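> Here are the chains, one letter per residue:
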Amino acid sequence: MPPRLNLFNARTAVPVFRQTSINVSRPSIATTINSNRSTRHGLKTGLSSSTPMQKRYNSSASGGDNSERPKAPTEDPLPHVSEEAAEISKIMDKKCDGTPASPELEQGTPISEILQRDKEAQKHMPKVMQDQIKSSTGTRSFSTSTRRSQAELHGQGKSFDEQTAAVMASMISQVNQQAEEFHDGIKFDPVETLPKTENFRTRYDSLLEQFTKLLMTDGKLSRAQKDMAFILDHLRTAPPPQPNPKRPLLPGPPAPQLPLNPVLYLTLIVDSVAPLIKIRQQKGIAGGGASVQIPVPLALRQRRRTAIKWIIDGSDKRRDSKFAQRVANELVAVAEGRSGVWDKREQQHKLGIAGRSNLGMVGGRR
Amino acid sequence: MVSSFCWGCLTRLRPTPRAVLPPTVAAPRAAAFHTSTVRYALPTKKKNSLDGPPKYRQAKSARMKKKKPVERARPPPVGERKALRKRIVLSNPNALEVEGMQDFTSETMVDARLRGSILGLPVPMLTQLRAVEAFKPKQGWSIFRRPGTVVRRETLELGRLIDSISNEGQDKGRSVKKIVTGVRGSGKTVHLLQAMAMAFTKQWVVFTVPEPQDLVIAHTGYAPLSDETPNLYVQNEATATLLSRTVVANEQVLKTLHVSREHAALKSSVKAGMTLEELAKLGIQDPAIAWTVFQALWAELTATSAASGFDKNFKPRPPMLVTVDGLAHWMKNSEYRSVEFEPIHAHDLVFVRHFLGLLKPGTGKPALPNGGLLLYSTSASNNPTIYSFEVALKQIAARQAGLNASAPEFPQADPYSGADKRVIDAFDSSKPTVAKEGMLELQTLGGLTRDEARGFMEYFARSGLLREKINDEWVGEKWSLAGGGVIGELEKLGRRLRVTD
Numbered sequence: 020m021p022p023r024l025n026l027f028n029a030r031t032a033v034p035v036f037r038q039t040s041i042n043v044s045r046p047s048i049a050t051t052i053n054s055n056r057s058t059r060h061g062l063k064t065g066l067s068s069s070t071p072m073q074k075r076y077n078s079s080a081s082g083g084d085n086s087e088r089p090k091a092p093t094e095d096p097l098p099h100v101s102e103e104a105a106e107i108s109k110i111m112d113k114k115c116d117g118t119p120a121s122p123e124l125e126q127g128t129p130i131s132e133i134l135q136r137d138k139e140a141q142k143h144m145p146k147v148m149q150d151q152i153k154s155s156t157g158t159r160s161f162s163t164s165t166r167r168s169q170a171e172l173h174g175q176g177k178s179f180d181e182q183t184a185a186v187m188a189s190m191i192s193q194v195n196q197q198a199e200e201f202h203d204g205i206k207f208d209p210v211e212t213l214p215k216t217e218n219f220r221t222r223y224d225s226l227l228e229q230f231t232k233l234l235m236t237d238g239k240l241s242r243a244q245k246d247m248a249f250i251l252d253h254l255r256t257a258p259p260p261q262p263n264p265k266r267p268l269l270p271g272p273p274a275p276q277l278p279l280n281p282v283l284y285l286t287l288i289v290d291s292v293a294p295l296i297k298i299r300q301q302k303g304i305a306g307g308g309a310s311v312q313i314p315v316p317l318a319l320r321q322r323r324r325t326a327i328k329w330i331i332d333g334s335d336k337r338r339d340s341k342f343a344q345r346v347a348n349e350l351v352a353v354a355e356g357r358s359g360v361w362d363k364r365e366q367q368h369k370l371g372i373a374g375r376s377n378l379g380m381v382g383g384r385r
Numbered sequence: 036m037v038s039s040f041c042w043g044c045l046t047r048l049r050p051t052p053r054a055v056l057p058p059t060v061a062a063p064r065a066a067a068f069h070t071s072t073v074r075y076a077l078p079t080k081k082k083n084s085l086d087g088p089p090k091y092r093q094a095k096s097a098r099m100k101k102k103k104p105v106e107r108a109r110p111p112p113v114g115e116r117k118a119l120r121k122r123i124v125l126s127n128p129n130a131l132e133v134e135g136m137q138d139f140t141s142e143t144m145v146d147a148r149l150r151g152s153i154l155g156l157p158v159p160m161l162t163q164l165r166a167v168e169a170f171k172p173k174q175g176w177s178i179f180r181r182p183g184t185v186v187r188r189e190t191l192e193l194g195r196l197i198d199s200i201s202n203e204g205q206d207k208g209r210s211v212k213k214i215v216t217g218v219r220g221s222g223k224t225v226h227l228l229q230a231m232a233m234a235f236t237k238q239w240v241v242f243t244v245p246e247p248q249d250l251v252i253a254h255t256g257y258a259p260l261s262d263e264t265p266n267l268y269v270q271n272e273a274t275a276t277l278l279s280r281t282v283v284a285n286e287q288v289l290k291t292l293h294v295s296r297e298h299a300a301l302k303s304s305v306k307a308g309m310t311l312e313e314l315a316k317l318g319i320q321d322p323a324i325a326w327t328v329f330q331a332l333w334a335e336l337t338a339t340s341a342a343s344g345f346d347k348n349f350k351p352r353p354p355m356l357v358t359v360d361g362l363a364h365w366m367k368n369s370e371y372r373s374v375e376f377e378p379i380h381a382h383d384l385v386f387v388r389h390f391l392g393l394l395k396p397g398t399g400k401p402a403l404p405n406g407g408l409l410l411y412s413t414s415a416s417n418n419p420t421i422y423s424f425e426v427a428l429k430q431i432a433a434r435q436a437g438l439n440a441s442a443p444e445f446p447q448a449d450p451y452s453g454a455d456k457r458v459i460d461a462f463d464s465s466k467p468t469v470a471k472e473g474m475l476e477l478q479t480l481g482g483l484t485r486d487e488a489r490g491f492m493e494y495f496a497r498s499g500l501l502r503e504k505i506n507d508e509w510v511g512e513k514w515s516l517a518g519g520g521v522i523g524e525l526e527k528l529g530r531r532l533r534v535t536d
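Protein chains in written order, with our numbering: chain E, 20 to 385; chain Y, 36 to 536.
Hints listed in this document are in silico derivations from the structure and should not be mistaken for laboratory results.
These numbers come from a predicted model, not from an experiment.
Some clues are possibly wrong.
Claimed, not checked - DSS-like cross-link-like pairs, simulated, lysine-lysine; straight-line CA separation at most 27 Å:
| id | chain 1 | residue 1 | chain 2 | residue 2 |
| --- | --- | --- | --- | --- |
| 1 | Y | Lys173 | Y | Lys527 |
| 2 | Y | Lys103 | E | Lys245 |
| 3 | Y | Lys471 | Y | Lys395 |
| 4 | Y | Lys347 | Y | Lys316 |
| 5 | E | Lys232 | E | Lys245 |
| 6 | Y | Lys302 | Y | Lys316 |
| 7 | E | Lys341 | Y | Lys117 |
| 8 | Y | Lys100 | E | Lys302 |
| 9 | E | Lys328 | Y | Lys102 |
| 10 | E | Lys363 | Y | Lys100 |
| 11 | E | Lys297 | Y | Lys103 |
| 12 | Y | Lys121 | E | Lys336 |
| 13 | E | Lys336 | Y | Lys117 |
| 14 | E | Lys239 | Y | Lys400 |
| 15 | Y | Lys171 | E | Lys245 |
| 16 | Y | Lys102 | E | Lys297 |
| 17 | E | Lys215 | E | Lys363 |
| 18 | Y | Lys400 | Y | Lys237 |
| 19 | Y | Lys121 | E | Lys341 |
| 20 | E | Lys245 | Y | Lys121 |
| 21 | Y | Lys350 | Y | Lys306 |
| 22 | Y | Lys100 | E | Lys341 |
| 23 | E | Lys328 | Y | Lys237 |
| 24 | E | Lys239 | E | Lys341 |
| 25 | Y | Lys466 | Y | Lys456 |
| 26 | Y | Lys471 | E | Lys232 |
| 27 | E | Lys297 | Y | Lys100 |
| 28 | Y | Lys171 | Y | Lys367 |
| 29 | Y | Lys171 | Y | Lys302 |
| 30 | Y | Lys306 | Y | Lys347 |
| 31 | E | Lys239 | Y | Lys102 |
| 32 | Y | Lys400 | Y | Lys466 |
| 33 | Y | Lys102 | Y | Lys121 |
| 34 | E | Lys245 | Y | Lys117 |
| 35 | E | Lys336 | Y | Lys100 |
Unchecked claim - Covered stretches of chain E (in silico footprint by chain Y; criterion: 3 or more residues with CB under 8 Å from a CB of chain Y, positions within the stretch not fixed):
| id | region |
| --- | --- |
| 36 | 243-256 |
| 37 | 278-292 |
Backbone N, C-alpha and C define an ideal beta-carbon position, used for all residues, glycine too.
When you get a sec, could you build the whole thing from the sequences and use the hints?
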């Protein structure tokens with residue numbers, strides 16, 4: 020067993036010893052790894068726990084040292100060339116492997132930790148250690164620097180920590196409560212996160228904005244907004260829709276309540292007739308220049324866009340003199356299941372189901 | 036793969052005679068280092084396009100498919116679009132009924148406790164209010180269950196004024212003249228509407244000019260009044276419309292009143308026992324005599340006593356409310372032209388001249404001898420800029436503040452700005468000589484107070500149109516956003532839909 024040295028004290032007090040302690044305190048890469056190898060051997064035997072401990076302390080101490088004091092030029096003698104090459108190749112190999120180089124594997128694990136994890140091993144551990152665990156009174160006849168294992172092995176210390184933590188937590192909560200009572204330095208309640216529509220750039224509902232912009236022709240947004248206001252007012256004042264049981268709207272509030280929230284009403288209408296897929300005509304899969312219908316899933320915005328396009332197209336066939344009136348009437352027709360938009364959606368879905376078999380061809384191609 | 040030939044062999048190769056080489060037609064043209072295949076390639080086939088031979092004198096660019104316009108069998112009938120535009124909807128059956136909403140009555144209109152709440156317009160009165168065109172198409176009546184207005188400070192003052200004029204007391208029979216101004220959306224038109232509603236509850240006679248602009252844009256017929264006064268012009272159709280408005284709205288009152296004097300111009304048609312309703316209907320039936328009938332009706336309504344021989348059915352005349360909404364259009368040249376093709380000033384139209392003349396203090400007896408209220412409002416959205424009118428309004432305010440017209444601080448028109456003297460004179464009313472006549476006042480409507488704004492927003496919430504927690508903080512925020520409680524802006528904020536998700 021190597022002698023226990025308090026390296027900090029030794030170095031600061033007796034600078035003459037520095038040269039002698041070099042090999043221990045600041046090992047080169049090669050020596051560190053060499054020693055680790057030996058440690059792993061030691062683990063297998065499972066006898067000595069002090070060696071890895073000491074290595075660990077050494078390495079950490081050396082790390083601290085590096086930053087602390089300037090390096091002397093002759094302090095760090097290089098290892099032999101062949102030795103270094105061997106070590107470097109080892110390091111490189113490891114990196115190439117991609118195995119995570121855990122510090123535990125490199126530096127070794129204290130036997131006590133392994134024993135703590137492994138219940139089976141605990142039964143077969145040396146008698147000295149078993150005795151040590153059994154007679155855990157908190158006082159020891161010997162001194163040791165393994166503070167870490169001590170804290171983990173002794174359950175009493177743990178409970179003590181928990182107690183202090185609980186006391187601290189109660190104190191903190193008490194202080195917080197007092198602060199809340201006095202409102203010291205807090206004049207107003209904490210600010211809640213603003214809803215999205217409070218920002219003036221996104222002040223309209225997303226569907227509303229999309230619909231308005233699709234109503235727009237020749238870039239006349241203001242006119243489209245007027246039309247949208249008309250449509251919303253129409254939805255607000257028109258009699259509530261009589262839902263068709265065959266073509267129900269998406270689940271939402273009951274129909275008589277819909278006009279009170281026209282934006283929700285509009286959203287329900289559009290989302291109810293929005294198709295889930297589009298049909299892509301793809302050439303060159305089947306060969307011979309024939310195109311094959313491939314169903315492609317749509318995102319929410321795309322689905323809504325398709326539905327709005329259909330609704331506006333459907334409204335073109337109406338006879339009312341005002342564009343906004345036509346669209347509004349078409350929307351109510353959709354809500355009541357009378358509109359041709361529903362047929363379009365069903366047709367699209369039917370094609371999509373028929374084209375499901377073609378999806379395999381796409382995958383095979385890739 | 037390395038070729039088995041060596042360089043020397045390759046260079047010694049002589050070009051092979053043509054006949055030996057097979058014509059390799061199938062070889063691609065892309066191999067540029069072969070010349071032989073290109074030489075022996077078959078001539079490229081002409082592409083047989085479906086359209087036939089190439090078109091040389093036509094555009095070859097890609098043509099966008101144009102959507103065919105849908106055949107709408109008939110254009111909308113004449114007046115349908117305008118009717119749709121001018122349609123006034125006063126009820127939304129989908130909106131919730133507001134619990135405990137009170138109506139305009141003679142009690143509630145003076146009740147200061149109701150300040151900040153919404154008073155509904157009584158349903159029987161709606162036909163009267165529609166007849167005098169108190170509602171405007173762009174006002175947001177259509178989203179509520181039934182029309183109602185906010186009781187603000189000015190409303191209560193108006194209610195007390197109307198109450199005091201009609202009730203027995205010191206102020207009975209007083210006549211008050213006001214010009215209502217204010218920023219856009221501050222509730223000037225609705226203030227007039229409230230005055231009309233109060234006047235109807237107090238059984239007054241109401242005359243209104245809802246659209247002064249219509250009288251000066253040359254959309255109705257005009258003619259010189261008579262040979263003696265070739266500079267004055269009469270608008271018979273417009274006058275007939277005014278008479279019909281008045282008759283429909285004030286039918287109950289006019290039916291109880293009877294003709295009290297002889298009318299020289301209408302000698303043939305006016306009989307002794309005629310009611311005023313019948314008198315007014317003469318003008319509606321025959322627009323040619325509409326202006327004469329209107330003058331006769333006005334003379335009857337301003338009569339304080341009956342002429343001799345007509346005493347039998349005479350009843351004291353009720354007070355009158357006269358409103359004009361959008362005064363500035365009457366302060367410039369009209370679109371009408373005289374015979375010399377000179378523009379006619381709006382003050383030369385007898386209709387306009389009559390209503391502007393009421394602002395002047397009457398000589399001997401007040402302009403409204405039986406008491407009443409003149410409420411003329413300006414408009415802020417449809418408003419021609421007229422410098423002399425602005426100066427005239429400033430002068431009214433200065434006179435109201437007690438400034439003398441000769442004082443140096445008294446606002447005067449810039450002598451080089453070409454101010455219209457007739458406009459400034461029209462409002463230049465000296466101190467009235469008659470006791471019961473008030474001075475011309477200027478009333479400026481501002482924003483609501485925060486409490487009134489809160490009542491207004493709660494009305495939205497209780498109608499189910501607004502989904503917010505109405506607390507002081509939220510109302511204060513909206514009050515500030517609305518430019519200090521301008522009610523038109525508050526209404527927009529109340530209608531604004533916010534779906535938080």
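> Please go over all the hints and tell whether each is borne out by the structure.
Hints versus structure:
1. Between Y:Lys173 and Y:Lys527, the direct Cα distance comes to roughly 12 Å. Compliance with the 27 Å bound is thereby established for this hinted pair.
2. Only pairs whose Cα atoms come within 27 Å are accepted, and Y:Lys103 paired with E:Lys245 is accepted, the gap being roughly 25 Å.
3. Of the supplied pair hints, the one linking Y:Lys471 and Y:Lys395 holds, its CA atoms being roughly 14 Å apart against a limit of 27 Å.
4. Simply put, Y:Lys347 and Y:Lys316 have alpha-carbon atoms about 22 Å apart, close enough for the 27 Å limit, and the pair holds.
5. Among the hinted pairs, E:Lys232 with E:Lys245 is consistent with the structure: their alpha-carbon atoms are about 12 Å apart, no more than 27 Å.
6. The suggested pairing of Y:Lys302 with Y:Lys316 holds, with an alpha-carbon distance near 16 Å, which does not exceed 27 Å.
7. For the given pair, E:Lys341 sits about 12 Å from Y:Lys117 by alpha-carbon distance, which is consistent with the 27 Å threshold.
8. Between Y:Lys100 and E:Lys302, the direct Cα distance comes to roughly 23 Å. Compliance with the 27 Å bound is thereby established for this hinted pair.
9. Under the criterion of a C-alpha separation no larger than 27 Å, the hint pairing E:Lys328 with Y:Lys102 is consistent with the structure, at around 14 Å.
10. Only pairs whose Cα atoms come within 27 Å are accepted, and E:Lys363 paired with Y:Lys100 is accepted, the gap being roughly 22 Å.
11. A distance of roughly 25 Å separates the Cα atoms of E:Lys297 and Y:Lys103; the hinted pair therefore holds under the 27 Å criterion.
12. Taken as a hint, the Y:Lys121 and E:Lys336 pair is honoured in the structure, with Cα atoms around 26 Å apart against an allowance of 27 Å.
13. Straight-line distance between C-alpha atoms of E:Lys336 and Y:Lys117 comes to about 23 Å, which keeps the hinted pair within the 27 Å bound.
14. Distance check on the hinted pair: E:Lys239 and Y:Lys400 sit about 58 Å apart at the alpha-carbon level, beyond 27 Å; violated.
15. Using a Cα cut-off of 27 Å, the hinted pair Y:Lys171 and E:Lys245 holds, with the two alpha carbons roughly 18 Å apart.
16. Only pairs whose Cα atoms come within 27 Å are accepted, and Y:Lys102 paired with E:Lys297 is accepted, the gap being roughly 22 Å.
17. A threshold of 27 Å between alpha carbons decides the hint, and for E:Lys215 with E:Lys363 the separation of about 33 Å lies outside it, so the pair is violated.
18. A distance of roughly 23 Å separates the Cα atoms of Y:Lys400 and Y:Lys237; the hinted pair therefore holds under the 27 Å criterion.
19. Taking the CA atoms of Y:Lys121 and E:Lys341, the gap is near 14 Å; set against the 27 Å cutoff, the hint holds.
20. The suggested pairing of E:Lys245 with Y:Lys121 holds, with an alpha-carbon distance near 16 Å, which does not exceed 27 Å.
21. Simply put, Y:Lys350 and Y:Lys306 have alpha-carbon atoms about 17 Å apart, close enough for the 27 Å limit, and the pair holds.
22. With a CA separation close to 25 Å, the supplied pair Y:Lys100 and E:Lys341 stays within the 27 Å bound.
23. For the hint pairing E:Lys328 with Y:Lys237, the CA-to-CA distance comes to about 56 Å; that exceeds 27 Å, so the pair is violated.
24. Restraint check for E:Lys239 and E:Lys341: the C-alpha separation of about 16 Å stays at or below 27 Å, so the hint holds.
25. A distance of roughly 20 Å separates the Cα atoms of Y:Lys466 and Y:Lys456; the hinted pair therefore holds under the 27 Å criterion.
26. A hinted pair counts as satisfied when its Cα atoms are at most 27 Å apart, and Y:Lys471 with E:Lys232 does not qualify at roughly 61 Å.
27. For the proposed pair E:Lys297 and Y:Lys100, the alpha carbon gap of about 22 Å is at most 27 Å, so the pair holds.
28. Between Y:Lys171 and Y:Lys367 the CA atoms are separated by roughly 24 Å; this keeps the pair inside 27 Å, and the hint holds.
29. Simply put, Y:Lys171 and Y:Lys302 have alpha-carbon atoms about 39 Å apart, too far for the 27 Å limit, and the pair is violated.
30. Note on Y:Lys306 and Y:Lys347: the hinted pairing holds, with a Cα-Cα distance of about 13 Å set against a maximum of 27 Å.
31. Proposed proximity of E:Lys239 and Y:Lys102 is supported: the alpha carbons are some 20 Å apart, at most 27 Å.
32. Annotation: proposed proximity of Y:Lys400 to Y:Lys466 holds, straight-line Cα distance about 14 Å (limit 27 Å).
33. About 32 Å separates the Cα atoms of Y:Lys102 and Y:Lys121, which puts this hinted pair outside 27 Å; it is violated.
34. For the hint linking E:Lys245 to Y:Lys117, the alpha-carbon distance of about 17 Å falls within 27 Å, and the restraint holds.
35. A distance of roughly 19 Å separates the Cα atoms of E:Lys336 and Y:Lys100; the hinted pair therefore holds under the 27 Å criterion.
36. Under the rule that three or more residues need a Cβ within less than 8 Å of chain Y, the assignment of the region 243-256 of chain E holds, with 4 such residues.
37. Chain Y is given as covering the region 278-292 of chain E, and this holds because 7 residues of the stretch bring a CB closer than 8 Å to a CB of that chain, at least three being needed.
Going down the numbered hints, you'll see the structure goes against 14, 17, 23, 26, 29, 33, while the others check out.
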